[in-house]
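**Q** Start from the sequences, fold in the hints, and give me the full structure.
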Amino acid sequence: MAADNEENGTEMQIEPEESAYSLARHKLEHLLNKSMRIRMTDGRTLVGLFLCTDRDCNVILGSAQEFLKSTDSFSQAEPRVLGLAMIPGHHVVSIQVESENLQSGTHGL
Amino acid sequence: MVMKSSVEEDEGGWGLGIPEKMRNNADWVDITQDFKGACKELKLGELLHDKLFGLFEAMSAIEMMDPKMDAGMIGNQVNRKVLNFEQAVKDEAIRVKDLSLPELIGIVDTCFCCLITWLEGHSLAQTVFTCLYVHNPELILDPALKAFALGILKVCDIAREKVNKAAVFEEEDFQAMTYGFKMANNVTDLRVTGMLKDVEDELQRKVKSTRSRQGEQRDPEVELDHQQCLALFSRIKFTRLLLTALISFTKKETSAVSEAQKLMSQAADLLPAIHSTIQYGIQSQNDTTKGDHPIMMGFEPLVNQRLLPPTFPRYAKIIKREEMVSYFSKLIERIKTVCEVINTTNLHSILDFFCEFSEQSPCVLSRSLLQTTFLIDNKKVFGTHLMQDMIKDALRYFVSPPVLSPKCSLYNNHQAKDYIDSFVTHCSRPFCSLIQIHGHNRARQRDKLGHILEEFATLQDEAEKVDAALHGLLMKLEPQRQHLACLGTWVLYHNLRIMIHYLLSGFELELYSMHEYYYIYWYLSEFLYAWLMSTLSRADSSQMAEERIVEEQQQKGRSSKKSKKKKKARPLGKEITMSQAYQNMCAGMYKTMIALDMDGKVRKPQFELDSEQVRYEHRFAPFNSVVTPPPVHYIQFKEMSDLKKYNPPPRSADLYTAASKHFQQAKLILENVSSPDAEVNRILKVAKPNIVVMKLLAGGHKKETKALPEFDFSAHKYFPIVKII
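Chains as they are written, first to last, in our numbering: chain A, 4 to 112; chain B, 15 to 739.
If you are wondering where the hints come from, they were derived from the structure by calculation, not from laboratory data.
Don't be surprised by glycine CBs; every beta carbon is placed ideally from N, CA and C.
Zero decoy hints are in this set.
The calculated BS3-like cross-link candidates involving lysine-lysine, where the alpha carbons are at most 25 Å apart (straight line), are: (1) A:K37 - B:K57; (2) B:K160 - B:K196; (3) B:K490 - B:K570; (4) B:K731 - B:K618; (5) B:K479 - B:K406; (6) A:K37 - B:K50; (7) B:K652 - B:K618; (8) B:K658 - B:K709; (9) B:K421 - B:K479; (10) A:K37 - B:K54; (11) B:K111 - B:K196; (12) A:K37 - B:K65.
Estimated spans, in silico, between C-beta atoms of each pair: (13) A:P91 - B:L66: 22 to 30 Å; (14) A:E32 - B:E524: 43 to 51 Å; (15) A:E32 - B:N638: 45 to 53 Å.
**A** Below you can see the structure in the form of structure tokens.
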């Protein structure tokens, strides 16, 4: 079946895009349920399990904890438990994952 | 694939806030660009997620950076330093001694406003505990402020305890969380009231010393001082009275309740003085027009922001000082009403009291006080009567069952006693729950009434069995007497009341659509009120039978003195009359709705996924657990209400005329009520215009208009004035 499809002209054109798509998907899927640290535009940081994302980079973290920016002198010690939290893509400044998760990920790819 | 590992980038800033377990393997790698790039490859609208995580779960996520959901965001956006009490004292941002009178007045008033806002359902963290002073009254050196801070904490603590104990609140009514704050538990109630009294006496002395003397030239400064002292004096005294009243509610004796009533009256007398001196207090400093919280000395609205749950940060909009006094005066009125309950003696009047009180949609504190006054810790009504005895009294009052009459041979029969005692014991829990239900907010009551019908159905079953057993016993002892359907009638009466209440409350809560009115009113008029009236008249005749027997026995005893008493008013007479009026109102509304429908003046939905039957069955679903009266199913309803069975079938004009007659009938019944109460007048206010409107409609008035009629429920919660536009 796959071979038949590749003979089709239009399918041929899409093919490289398709593979970029599946690569990206694979990459993201591998991160699912891993710890993720997201810094937001207002300086707060959320740490939680990566559960869901979409094209606009809106991210949903599970069991998320909120950390204030370190400059805030007194209330930074304790994180606040947020639970399920969605961070709109345009408020995502940076994303970090634990390196060990990443390494096994690259191996997998 | 290449992952840019820019761990060092700003690790210094990141690490600080991260707890140990996160930092242990904190080999965080930045994947921002990679991640964002990968996301871009996803299709529009495509979600990348785990198998176990779907759109449904995603719905319940809170959205960060949305001011409506993200409580943490606000704290991050203000440009001032949020200090807690100790820090603020250290930084000398607030003072704990040498406070001026205007400062004290302002702080007290803001605290009052916070207290009210809390009582109206906001969290303590966002209201009372935005006042830094109450975080630790020990640190306060100013005696007046210290006593007040302790006083307000005690008020909160007792109110919270009362509300928790009464358990008639839901999350929309009340937040009981204290977030680990100390509620002045290390100081006794007596000590706090004592401290308040001391401050009060001190202030009174000052008030007296600054009072104007006759013929004296008044120094405006002294006058101001006098006014401000008086202002603070009234506030401190008010706090003490409120606290003392709440404390007396915690006592077991009923005398304490009348004591509370007196204290509340005294507190009410202070309100004008408080109201007229609001302007002396300091106001918040900053500009609140930009949506910022008002900042008062001693208050920090954001101090507890991090304590809030991750759910929606319900903005605690603290009420304005101008509204404070009117709220207090209403609260005091409600608490005074609550105190009246100890003057009712009969279980039925207590139930009516609870219903009536609930109709004003009272606040959670007064509702809870009513509950805890009714059933005190020792499970006795008002702390003195056993619930079982109350139920026996209610039975005597309602149906006078022979088994409870000292004149009957069953009265001293052991077996009969066992039967009735165990029945009454079984009654006690459902009736306590019924009373508790009336303490909930109006919307929750309906749901709970639907559920309690199950318990009453069980009770009904038992009542009928006990009736039968008692009848069997009585036939052997006194063959001329009967014990039929006595207890059963009584339980049925309550059953019907609950069902009627359930249906009617749907109007108050605006649950029904216009096209549903006709079957609701039909069910009420043709069915429930008909049953209620026959139940009441059965109870009435049972009473009369009992009275006759008592009379006969008395006449036998004395030389037959013809005690031809005048026809006494029947105890249930008023209720029978009112039921007739209600039935006529419902019947009138039912016919009105049918006729309007015939004229195409009722908008019906395009039933797609449901049908009228589905809606009907949903509306009456709780009645399915009831055996007597049996539920009327949709098919039966359709058959019973079919107009085609009449020959000739009535036209809309006939139905309008019939409706008009029903309203007329209701009016006649109500106008003959001796000593009409507010409810009678409310129904009359609906009946009268409806008579006229129905007559007009019967005469073909505006028959052609396509405009839909309006139903105005402003005069009465359950019956609208029909308006044709």
